Amino acid sequence: MTLSDYLSVLFLLAGALFFLAGTVGLLRFPDVYTRLHALTKADNVGLGLIVIGLAMQAESFASVGKLLLIWLLVLLAGSSISHLIAKKALQKGVRMWRR
Amino acid sequence: MEALSLLQWLIDGLIGIGLLWLAWRALFCPELFKAIVLFIAFGLLMTLAWVRLKAPDVALAEVAIGAGLTGALLLSSWAKLRGFDANKGMGAREKNSEQAEQKTKRPFFHGLYAIPLLLMAVGLGYGVLQLTPYATGLSAVVAENLDASGVSNPVTAVLLNFRAYDTLLEIAVLLLALIGIWSLGIRPSVREATPDPVLDLLTRFLTPLLLLVSAYLLWVGAHAPGGAFQAGSVLGAAGVLLILAGWRLPLSLAGLPLRITLVAGVSTFIVVAVLTMLGGAQLLAFPPSQASLIIFVLEITATLSIAAILAALFLGSRPDHSEKI
Amino acid sequence: METFYLALVFFLLLNLGAGMWRVLQGPTAADRMMAAQLFGTTSVAVLLLLGQVEGDSALHDVALVFALLAAVTAVAFVRRAWSEPEKEHDSK
Amino acid sequence: MSIAILYALVGIGLFCLGVYALMIHAHLLRKILALNIMGSGVFMVLLALAGRTEITPDPVPAAMVITGIVVAVSATALALALMLKINAITGRAELNDAEEK
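One line per chain: the protein sequences are A, B, C and D, in this order. If you're matching positions, the first sequence starts at 1 in this note's numbering and goes up one per residue. If you're matching positions, the second sequence starts at 1 in this note's numbering and goes up one per residue. If you're matching positions, the third sequence starts at 1 in this note's numbering and goes up one per residue. If you're matching positions, the fourth sequence starts at 1 in this note's numbering and goes up one per residue.
These are computed hints drawn from the structure, not numbers from a lab. A portion of the hints provided could be inaccurate.
Stated by the list, open to error - Straight-line C-alpha distance at most 27 Å; calculated DSS-like pairs for lysine-lysine:
#1 B/Lys34 with A/Lys87
#2 A/Lys88 with A/Lys41
#3 A/Lys92 with B/Lys34
#4 A/Lys41 with A/Lys92
#5 A/Lys41 with B/Lys34
#6 B/Lys34 with D/Lys85
#7 A/Lys41 with A/Lys87
#8 A/Lys88 with B/Lys34
All values reported here derive from a predicted model rather than from experimental measurement.
Bound conformation, chain A alone (with noise of 0.2 Å):
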């Protein structure tokens, strides 16, 4: 193993732990709105952090651009998905959590 297998495994690693991250938010949340905040940090970091695990694997760099392309990806529509789902939420009058 070399220096950036470490790395990588690093990275893998907490991506995965984003993703738990995110599965425990989206199951334990009270509302609709602290659920997409923890379901988006799962998106944008957890992928990408394994994104940028895999990367250091990539044998060329076509590869590499075709992973940072689908993180991108993900990382537009989830965000806009979620500003859509919340902004529907509020005009239909679904409540916000309060301690």
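Starting from the known structure of chain A, fit chains B, C and D onto it as the hints suggest.
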């Protein structure tokens, strides 16, 4: 090595159990909307199963159609159904789903149905277990003739050369489904409100990307997973996205130009089929020297037709009548 | 390395199973759809990892199409299926 | 038993679940979901049996399944349109043959 194969089994076991569980919940949970979301999730997991079965071509098709188009179709039909119930008044809103639920509460008869089905499952399972554990099927035959087919991806070779008649009939079936829907004379839904700026931006970004990916899949299909179906369904998804964002085909294009696009795939196929027969060969048997070119032409027209048909299937009503509500 | 990737895939799949609870539980339609969204992103990660294990770059294409089409489904949800009010008050 | 056989058994399970749901549900949207799941089960059996090799799997079933997936989506679209039409005419998304009503 031991840990590796154990992990493989765990992953496949999890996917298999997940598929069965999702199917069960999607079919037997009381709420329709929940059932649809579960079915979408089922389609996504199905994609992973195809990948595990080493069929990336099928995974691509499943992802574009099973996960994308079927989900959008089901969601929009559900919304129309609900909107219809809502129009009839508050009392009727939940009627549909509740009736469905009441009907499932007849366990005695349903238990009787389950017995022959269980027997059938056991019989089929026994049959599968009796099969030889290793079989190569037709892969050797395909590999032998791959050089003469004009492409190097075996699945594309089968779809557009060896069994091109399947594809011919398949595009015809798509067209028939569309004719069926159009002949139902469904009233178009009321024009939607202008999209939110963020959705507008997302659409403007996604549509060119969908076009690009579609063209890429068409090109890559000759030597790697991809091809006319996948490209066509991705292109069709671009159409669905535009329809969702409130865009409609301009009326000047909704007449003849649209119809020509819809039938382009099947008519090119028929012309090629007739020409090959006139050339003294069998139906759709391409001469190896020209096979590559013929497949290229067929794939392009098939992609355009499949995309147009899928988008039109999603729209549901005839686009040239959409203004007369 | 391969074992590690597969272990990661297994872990992510377990995550998916846990996330399914939110689809079943709801309570609003948005919650269910969000869980499906997480399902999509996790599957993209799984596809990328499997692509690395099998050395098959075609799986990157599958992941790309997956990300694109998941967005289309989500748009369908926001534009069509969730236009009805959640509670009993009618806006139309 | 190999992984391919595992998936073939899952496919049989999906098919039977689909048939059962098709028989007991009255709501047409459920029936359409059931038909789709039956189809997925059949595709899975086909591809699993094609995957019974160490080398690259048989491409012919894969091509057939791709065709099948596209046909399934067009059939689903037609079925959904028919369901909406039935709902518009009778007010219920169900077929009332041999009804109590």
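We went through each hint and held it up to the structure:
1. At roughly 22 Å between alpha-carbon atoms, B/Lys34 and A/Lys87 fall within 27 Å of each other, so this suggested pair holds.
2. With a CA separation close to 20 Å, the supplied pair A/Lys88 and A/Lys41 stays within the 27 Å bound.
3. Annotation: proposed proximity of A/Lys92 to B/Lys34 holds, straight-line Cα distance about 19 Å (limit 27 Å).
4. About 25 Å separates the Cα atoms of A/Lys41 and A/Lys92, which keeps this hinted pair within 27 Å; it holds.
5. About 24 Å separates the Cα atoms of A/Lys41 and B/Lys34, which keeps this hinted pair within 27 Å; it holds.
6. Taking the CA atoms of B/Lys34 and D/Lys85, the gap is about 23 Å. The hint holds against a cut of 27 Å.
7. With a CA separation close to 19 Å, the supplied pair A/Lys41 and A/Lys87 stays within the 27 Å bound.
8. Among the hinted pairs, A/Lys88 with B/Lys34 is consistent with the structure: their alpha-carbon atoms are about 19 Å apart, no more than 27 Å.
Hint compliance for this structure: no hint is broken.
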